[in-house]
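Take these sequences, add in the hints, and give me the full structure.
Chains G and X are the protein sequences, given in the same order. Per this note's numbering: the first sequence = residues 1 to 195. Per this note's numbering: the second sequence = residues 1 to 177.
Keep in mind that a hint or two might mislead.
[What the hints assert, rightly or not] Below, simulated PhoX-like cross-link-like pairs (lysine-lysine); rule was C-alpha separation at most 25 Å, straight line:
#1 X/K44 x G/K178
#2 X/K44 x G/K127
#3 G/K16 x G/K178
#4 G/K88 x X/K128
#5 X/K93 x X/K44
#6 G/K127 x G/K88
#7 G/K88 x G/K124
#8 G/K178 x X/K93
[To be verified] Stretch-level coverage of chain X by chain G, calculated; a stretch enters the list once three of its residues show a Cβ under 8 Å from a Cβ in chain G:
#9 43-56
#10 59-67
#11 85-93
#12 104-110
The set of hints was computed from the structure by calculation and includes no laboratory data. Glycine included, each C-beta is placed from N, C-alpha and C at the ideal position.
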Amino acid sequence: MLDRREFVQELLVDRKGLLVVSGLGSPTYDVAACGDHPLNFYLWGAMGGAAMIGLGLALAQPARRVLVLTGDGEALMGLGSLATIGVKQPGNLVVVVLDNQHYGETGMQPSHTRAGVDLVAVAKACKFTDGLHVSEMGAVGRVRDLVHEGGGPILVQARISSDDTPRVLPTRDGHVIKARFMETLNACETIQTSS
Amino acid sequence: MDDTSKTALHWPDAIYAQFRRVGIRQVGYVPDAGHSRLIELCVKDPDIYDVVLTSEEEGVGLVAGAALGGQRAALLMQSSGVGNCINMFSLLKNCGFPCLILVTMRGEFAEFNPWQVPMGSITEASLKLCGFLTYRVEEPDDVDDVVSGGCDMAFNGNLPVAVLLSQRLIGRKVWNK
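Okay, here's the thing in structure tokens:
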């Protein structure tokens, strides 16, 4: 089983122009723990919406790679969005589900994945081009390659330990998170256009 | 275009023309009879990503993601779909995303199906509680102006705006088959 912090840290190494949407709860803390970045869109709510935010972003920014990093409970709440993404086939979108098989924020109640619901199988049935289960650090390089170069949409279900990790809290001000994300992206585009 | 053909302009075409004017690039929708012509127009437009949703709440995430990426988006839904979005609307308020929703009303006039009435009768109030500016349209000739104003409010001010297309405007659903 994977250590969530170690896995996310390795996944985001040398992230280049990657745009990251993090699902509420621990995935947001995991992404923040790698060091704050203006191209992180941290969610603190909107449960079930992370993958769709990723879709809107991926369609709007076809030259960029988009990573949605979320938890099993969040992904389960937005299961229909996998079908929606499958229809649209965004080649630049990868969803990585950090699966601890529990609802960590609410007292570690077991989630559907604990009972064997297979998100990779769901994604493949929803026309995702690729999907895989990972549970060892040896696989992180492959996942990182998929994030940066894989022909999406791709879903990776990463089996992480359910051990508690210290919370690393980014700003909760949604206006700030949005504004700096858009400013940074806009500045990158301006530089590319003028060069 | 003479006066006759101008008045005959279908109201969905007027909405589509406003989408073009303000540069809407993504349109999310759950298939709906009242919106069928507008959906067709959007699907045919190579400049618009048409995104068919399994539930309307997915559209709220889509709009937020589009805005983050620098594109304008609109959502098409029936009044029942507004109820599916309530919690997801918090994303708009928390971050100040613009949102334009065209709502075809059910359950308010000559409604065949009483199951549409509970949500239809609280649609506008629900939207207001969620922070939306709401504009109702009753007459086909008013669609262009109201949607135009709604677009400007949404995208100039980063505000959530809903235009409610009344059931009288859309017309009675025909149940003769």
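Quiz prompt | 25 Å limit on alpha-carbon distance, applied to hinted pair G/K88 and G/K124 | solution = holds, 14 Å
Quiz item: How about the segment 104-110 of chain X: do at least three of its residues have a C-beta closer than 8 Å to a C-beta of chain G?
Solution: violated (count 0)
Quiz prompt | G/K88 paired with X/K128 [C-alpha distance capped at 25 Å] | solution = violated, 32 Å
Self-check item: Straight-line alpha-carbon gap X/K44 to G/K127, limit 25 Å
Solution: holds, 23 Å
Quiz item: Against chain G, does the segment 43-56 of chain X show at least 3 residues with beta-carbon separation below 8 Å?
Solution: holds (count 6)
Quiz prompt | Restraint check for G/K127 with G/K88, where alpha carbons must lie at most 25 Å apart | solution = Roughly 9 Å between the alpha carbons, so the hint for G/K127 and G/K88 holds.
Practice problem: Verify the proposed pairing of X/K93 with X/K44, using a straight-line Cα cut of 25 Å. | Solution: At roughly 32 Å apart (the allowed maximum being 25 Å), X/K44 and X/K93 break the hint.
Exercise. Below or equal to 25 Å on CA atoms is what counts here, so check G/K178 against X/K93.
Key: With Cα atoms ~12 Å apart, G/K178 and X/K93 stay inside 25 Å; holds.
Practice problem: Closer than 8 Å, Cβ to Cβ, for at least three residues: run that test on the segment 59-67 of chain X against chain G and report holds or violated. | Solution: holds (count 9)
Quiz item: Can the restraint linking X/K44 and G/K178 be considered satisfied, given a maximum Cα separation of 25 Å?
Solution: Measuring from Cα to Cα gives roughly 31 Å; hence the hint is violated.
Quiz prompt | Check of the segment 85-93 of chain X against chain G for coverage (Cβ-Cβ below 8 Å, three residues minimum) | solution = holds (count 4)
Quiz item: Does G/K16 pair with G/K178 here, judged by a C-alpha cut-off of 25 Å?
Solution: Status holds; Cα separation ~20 Å.
When held up to the earlier numbered hints, the structure conflicts with 1, 4, 5, 12 and fits the remainder.
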